[in-house]
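If you want the building blocks of each chain, they are given just below.
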Amino acid sequence: MNKTVEARNIGHSFGARRVLEDVNITLEKGQIFGLLGPSGAGKTTLIKILTGQLMPSSGDSSILGIRSIVLRGADYKQVGIMMEQFGLYERLTCYDNLSLFARIYGIPKEKILPALDKVGLADARKIAAANLSKGMRSRLLLARVLMVAPMLLFLDEPTGGLDPSTSDEIHKLILEEKARGVTVFLTTHNMAEAEKLCDHIALLNEGKIVATGAPKVLCRQYNREKRLKIHLYSGEDRDLSHDASAAGEISKLLESGDLETIHSTEPNLENVFMELTGRSLAV
Amino acid sequence: MTGHIRAIFWKQMKETFKNKAIFIQFVMFPVMTIIMENSVKIEGMQPHFFANLFAVMYVGMAPLTSMASILAEEKEKNTLRVLLMANVRPVEYLIGIGSYIWTLCMFGAAVIGVAGGYTGTVFGLYLLVMGFGILVSMVIGAAIGSFSKNQMMATSVTVPVMMIFSFLPMISMFNKTIANVARFTYSEQLRLLISGLGHLKVSPEMPIVLAVNAVVALGLFIVAYRRSGLENG
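Residue numbers (this note's numbering), protein chains in the order written: chain A, 1 to 283; chain B, 1 to 233.
Fair warning: there could be bad hints in the mix.
[As the list claims (entries may be wrong)] If you want a taste of the chain A side facing chain B, the calculated C-beta under 8 Å gives, among others:
#1 G73
#2 A74
#3 Y76
#4 I81
#5 Q85
#6 F86
#7 G87
#8 Y89
#9 R91
#10 L92
#11 D96
#12 F101
#13 R103
#14 I104
#15 Y105
#16 G106
[Unchecked claim] Have a look at the derived ranges for each label pair, beta carbon to beta carbon:
#17 Q78/A x L125/B: 49 to 55 Å
#18 G106/A x P90/B: 17 to 23 Å
#19 M152/B x A16/A: 25 to 31 Å
#20 L125/B x K126/A: 43 to 49 Å
#21 N150/B x I69/A: 22 to 28 Å
#22 R6/B x S133/A: 28 to 34 Å
#23 N24/A x N150/B: 33 to 39 Å
#24 F123/B x Q78/A: 50 to 56 Å
#25 L218/B x A16/A: 36 to 42 Å
#26 P164/A x V223/B: 48 to 54 Å
Everything labelled a hint here was simulated from the structure, so no lab data went into it.
Note that CB positions come from ideal geometry on N, CA and C, so glycine has one too.
Go ahead and model the full structure; you've got the sequences and the hints to work with.
Here's what the structure looks like:
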């Protein structure tokens, strides 16, 4: 089965407010898929629909070949879901939080410490979840999900509000899971994260997918104002058009030895999103 | 199935001493019984007066509030949803939490019984009556917990309900009119049963009222569960 996640014409409304409209998504096995959009775009709602926590108003979806609306407890054994609103047992220690789920899933207790170690929480195993920092809580939530060794991961804003170093650690863990053949569906409004991790992305704005594709392909596709940025040893910067007309000037600078660096300017995902929607991703 | 129930039971046991709001429910009346039975002796006072009184208040308060509170907290913090998505069935969760509360309340009931001086068959009958009462209170608590979205909502419903079942039997001892109303509640019937354990006075209305209360509690729970399940309030 290559199609791990499939959403067909998903639409959803909360009362009169339309939050998702005609969303179509397909995830191949072993792929990291990023759903990018500003806060309130409908990212979490889509995860809830795909994972069977919410019935869509229209359309259909399936994960691991099972229709989302008929997913049952046993089907979730291969699906790891990390959402910020999924709580921890605040009074229990990190170790006991994992121990509970190890007992439920029938995982040997010998796997608990390695799971904590993997997310850098082995030393914090005796600390109650209530006393953890936001970054540590995110890592504990991730450990709870990864301990089960799922084949499909849903990560809702896994690095939201975390410092760069903790975010980096989480990125490494996500890439390790991908190397293990795990399919990852993540939502983010961090374009750098999406560019770094994702094989394929979809840009979601006000419930609609406005563009989809590989991050680099999307950036190239929307590279309408092609420019060359030149930096000279003298400290001067020049901005040239990305066509044959610049060839003469570049050639002269190369001959004279004045050219220090030359870069083509390509839009990042933020620019692409801005161009498509007229608004910023980081809202 | 038993593995999941054991896991939920284990989780609750781990939380026992850390969840002070619940823990105090389990120990308050047993401790008060020990103190009052040993420190207050009034001429002409009914034997085991404080044990009888506090046993009934314990039944009306501890299982009801702890069941509602645990359920509502898990719903509010979305930990219950995680459990259900980890293939824990609602019935397994309820049995896991229920068996924990029942066990701890029975331990508290035993302490009250010992402090009240019950022995032998009377002690056994007392535990039987308490076990039944704790079960009915737990079902009412589960109904409130299922109905409530969060702990605040659960508390606002639990407090008046708990006051009715735990205080009516006490007030009915002093007021005939209230006694006439209270006799329709399971907690008043439990008080009458426990007071008469030594000479086993069972009026015909006792089993009827207890059975009707149990059925109504179960019905309330089924309605609340069908309306909200364990995930939504």
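Taking the numbered hints from earlier one at a time, note which ones the structure violates and give those numbers from smallest to largest.
Checked against the structure, no hint fails, so every one of them is satisfied.
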